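J.: Here are the chains, one letter per residue:
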Amino acid sequence: MNLHDSEDILATAAGWRAAGELVAVATVTETWGSSPRPAGSRLAVTKSGKMAGSVSGGCIEGAVADAAMKTIETGAPQLLDFGVSHERAWEVGLACGGKVKVFVEKLL
Amino acid sequence: MTPDILAALQQAKADKRPVVLATQLPGGEQCLLPDPNRSAALNEAAAKVLHSDESGTFTVDDVSWFLHAHNPPLRLIVVGAVHIAQALVPFATPCGFATTIVDPRRSFGSDERFPGVTISNAWPDEAMDEFRPDSRTAVVTLTHDPKLDDPALDRALKSEAFYIGALGSRRTHAARLGRLRALGHTDESMARIRGPVGLDLEAVTAPEIALSIIAELVAVRRGSPLGVRKKPE
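As given, the protein sequences belong to chains F and P, one line each in that order. According to our numbering, the first sequence is numbered sequentially starting from 1. According to our numbering, the second sequence is numbered sequentially starting from 1.
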């Protein structure tokens, strides 16, 4: 990976996949309010526990990584919904008051 | 994501070709756009996303799509492989700029001083003709030497570069404008040149000046009021 790829999380994820890792990629698809990362921001996660990038200011990465493990196992994509006004299973809200949707998919 | 889509995305990136990764929500079916086999409405929505460089979720033909813009990196052409250029590169790269350094003086523009950066030892006007700055390109001159800076600025003014900056004091800049006027550039056109370059941070050291330049670049790119220069009195 060269310097120009420091924000290219997909390239990092593809590198991991090529090395034989099981990889899921999470992408912010929609934001409302003061969410810290714009649509298109990515977080890559491997089954072995590697992480690169971000989909928030750090508030939901743990929950997204948990969901990514499930997608790695089942192969089924997920559309996750985070926000202070949403009473979701994880009880993980964005402290800043924003809302985000995150799409999680497996690199096949 | 299928290996085919991933490979096609990476190929587009290597070719510096803008594409949109379209993902149907919530199901996850994916394709790359533009694609003549997809509807005109979907291709149009993708074109808009590429133009604004803002990805988002859109309902097209009653289907929800996440349209993810994958534009080639912004470009930064720096004329002058000087100390400030060395300080500027480590700021520019993570901010999404692919940097090219232009300096015909080989002892300045060497791989050793700029590891991993594209360097051209061509004369600045020839280099600019080759790189052809577009609306996603910034040009910054740092040599302080009119015979290097002026030809680069001349070409930059004839291009659609979204940012043109020139290092030098107000007095140096006034003299520079005089020379460019003699080349046929109008005051209106020359108002595009930001001189002295960078946000006014009262910067002194090379890293501080580099920070002021990258700060102004980001301000202009993102449409911040900080990126708008007041007219000189």
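The hints are simulated quantities; they were obtained by calculation from the structure and are not laboratory data. Heads up, a few of these hints could be off.
[To be verified] Pairwise CB distance ranges, derived in the manner of DEER restraints:
(1) Lys70(F) x Asp53(P): 52 to 60 Å
(2) Lys70(F) x Glu188(P): 55 to 63 Å
(3) Arg229(P) x Gly49(F): 25 to 33 Å
(4) Asp66(F) x Glu208(P): 39 to 47 Å
(5) Ser48(F) x Asp200(P): 25 to 33 Å
(6) Ala19(F) x Arg171(P): 18 to 26 Å
(7) Ala19(F) x Arg181(P): 56 to 64 Å
(8) Trp123(P) x Ala18(F): 16 to 24 Å
[To be verified] Which stretches of chain P does chain F cover? Using the computed rule of at least three CB atoms under 8 Å from a CB of chain F, they are:
(9) 51-63
(10) 215-222
[Unchecked claim] Where chain P lies over chain F, by a calculated footprint (3+ residues, C-beta under 8 Å):
(11) 8-19
(12) 36-43
(13) 46-53
(14) 57-66
Predicted model only: the values in this text are computed from it and were never measured. Quick reminder that beta carbons are idealized off the backbone N, C-alpha and C, glycines included.
J.: Hint by hint, say whether it matches the structure.
T.: A quick look at each hint next to the structure:
1. Lys70(F) x Asp53(P): 52 to 60 Å: 32 Å, violated
2. Lys70(F) x Glu188(P): 55 to 63 Å: Roughly 59 Å apart at Cβ, these two residues keep to the hinted range, so it holds.
3. Arg229(P) x Gly49(F): 25 to 33 Å: Violated, at about 49 Å.
4. Asp66(F) x Glu208(P): 39 to 47 Å: Because 43 Å falls inside the window, the suggested range holds.
5. Ser48(F) x Asp200(P): 25 to 33 Å: 49 Å Cβ-Cβ, so the 25 to 33 Å window is violated.
6. Ala19(F) x Arg171(P): 18 to 26 Å: 57 Å, violated
7. Ala19(F) x Arg181(P): 56 to 64 Å: Distance hint for Ala19(F), Arg181(P) holds at roughly 58 Å.
8. Trp123(P) x Ala18(F): 16 to 24 Å: 41 Å, violated
9. 51-63: Coverage by chain F holds here, the residue count being 4 at a Cβ distance below 8 Å.
10. 215-222: Coverage by chain F is violated here, the residue count being 0 at a Cβ distance below 8 Å.
11. 8-19: holds (count 5)
12. 36-43: holds (count 3)
13. 46-53: With 0 residues in contact (Cβ-Cβ under 8 Å with chain P), the coverage given for the segment 46-53 of chain F is violated.
14. 57-66: That given contact is violated, which follows from only 0 residues of the segment 57-66 of chain F lying within Cβ reach (below 8 Å) of chain P.
This entry does not satisfy hints 1, 3, 5, 6, 8, 10, 13, 14, going by the numbered hints stated previously.
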